[in-house]
Amino acid sequence: MQSQLNAPHRQAEGRGRFARSLYLPPRLNSASAVAYLFLAPSLVFLAVFTIWPIISVVISSFHARRGRNQIYVGLDNFERIFTDPFSQQVILNTVGYVALGLVLSVFGGLLLAVLMNQGLRNIGFFRFPFLATIALPMVSVASIWLFLYSPRVGLFNELLGGLGLPRSNWLSDPDLALASLFAVYLWKQLGYFALFYLAALQSLPDDVLEAATLDGVSFWQKLRHIIWPLVSPTTYFVTTIGVLNSLQQVDHVFVLTQGGPNNASSMALYYVYEQGFKWFKTGIASAMTVILLAVLLTMAMLQFVYLERRVHYD
Amino acid sequence: MTTKRSKWREALPILALALFGLVWMVPLIWTLLAAFVPTTELLNGSPLVWLQSLHLGAFAEAWEVAPFPRFYLNTIIWVFGLLALQLVTVSLAGFALARLDFRGKDQIFFLFLTQLMVPATVLILPNYQTLVALGWLDSYQGMMAPYIASAFGAFLMRQAFKQVPKELEEAARSDGASWLQVLWHVFLPVTRAPLLAFSIVSITYHWNEFLWPLLITSSVETRPLTVGLALLVQSSEIGAQWDLLSAGTLIVAVPILILIALLQKQFTNSFLSSGIK
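Here the protein sequences come in this chain order: D and F.
Everything in the first sequence is counted per numbering that gives the first Met the number 0, starting at 0 for the first residue and increasing by one.
Everything in the second sequence is counted per numbering that gives the first Met the number 0, starting at 0 for the first residue and increasing by one.
Just so you know, the hints here were simulated from the structure itself, not pulled from any lab data.
Treat the hints with caution; some may be incorrect.
One-sided and incomplete, this derived list gives chain F residues near chain D with beta-carbon spacing under 8 Å [as the list claims (entries may be wrong)]: (1) 19; (2) 32; (3) 33; (4) 50; (5) 53; (6) 86; (7) 116; (8) 124; (9) 209; (10) 214; (11) 225; (12) 257; (13) 261; (14) 270.
Here are a few chain F residues that sit away from chain D, every Cβ distance over 12 Å (derived from the structure) [said to hold, decoys possible]: (15) 11; (16) 182; (17) 245.
Every residue gets a Cβ at the ideal spot worked out from N, C-alpha and C, and that includes glycine.
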């Protein structure tokens, strides 16, 4: 042992020997150092661009700009957000958008997946439209829909006009603007949710679905009483990513409405952008970010609880 | 009678799916038409007139109005540069999490988990402030920075590395290979599928990204395609040059569309593994 400590050149021969010389279990010692070395690049960037921003945004949510200084204002920013009609509408818009998004992504996604799960030989051909919309940039998708929504020459108004129906101002009518944004989101993302259900359906044992077909139950009964309970873990998963997804999509707001008309189609993340980057109200923007963080962390917590329960009871 | 009926019942879902798919394709087809047919002909003419008036003028014009070649280059540099960095960080981190014992593993695991719960999109404001402090605005590294560490990638690789048989690792170790050599020569060659899955998710996500590059970039030398397209849309909206706009949209979207058509299966699997992108 003594001789090994005095002979550094021999340590280089094998980490196991080096570890023994320090009275540590060989694997632990060498592996620990290597592990930290391997983790270092990730940890540095996680610390600076995930952990630090969470801390700093919480701090600045309690501050407001007075002249050139940031002063502590307690919960003022949060109070403003929840009492100001402008931001109240943003919250209402966001909640409605996310809730409707959930309902339609679950039911629409499942229905589409059931249709896709027909054992078709050319499934790829039928899958392409839905895959294409998922993978296209939201900016391109929004540009496409800008044309479709155009009041004078857009396809929707052309079709309505052709049928003798009144035309609409899809993006500049306050009653329609948010719904128009939502349609874009749904068109782009429905296939994404369907893919998860399709995978779930394909992992079900064949005889379950076949037995249901033979007994002469109707399509809806089969969907309601056999498929729906069997895919419930996927439904839970789709719910989680549905919330995450709809909260994060803002590109179409930029291209189509910029939150207008009159704030009718603004949503939480767009509000953060407007307050923080257009009007430099970092305190308010930070407070809204903290609210978003709270929602995301609650979702994550619920997911852990759910997974835990499944581990226990399954 | 009954067979006819059951045949109908079988065909119905397929018809429904075909109709569903067709309706879904309408916006894409309309854009394709709008890019190749002048707008007046598109709105007033019949399909026969459309065929007669096909032209590439809108593409030439879009190519001229906006510096698309430069935007392409910028997108490629930022998307693939980022991917290269990510492949290094996620392989190393995934390997450490899967195969090495070390103190504080749980805490480090939790750090990664935090990033999975809090997507970078939500943190644009504080991350922007960090970039200001670092002097990284309007730069590629600024665009890449929040994504260089990827919890999704690290967990995906951890999962893959865990399935590599212990014997392979031990054989290499007893031959005197370092951990880095083990990772490179033993683990990475057998985990190409998850590496590809991660690459597809990363490329699609960042190729399409808009808000963060919009905030960070301010010059032609750094702006990616998505930002360039949005600027074109905003500038041509007033003049309502729809053929120009459609051509621009296609210029940005076509590489992704081709990729999907070629790699449908891999795309599907990658999207599934991504969950949270």
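Practice task
Go through the numbered hints given earlier and state which of them the structure violates, listing their numbers in rising order.
Solution key: Checked against the structure, the hints that fail are numbers 2, 4, 5, 6, 12, 13, 15, 16, 17, while the rest are satisfied.
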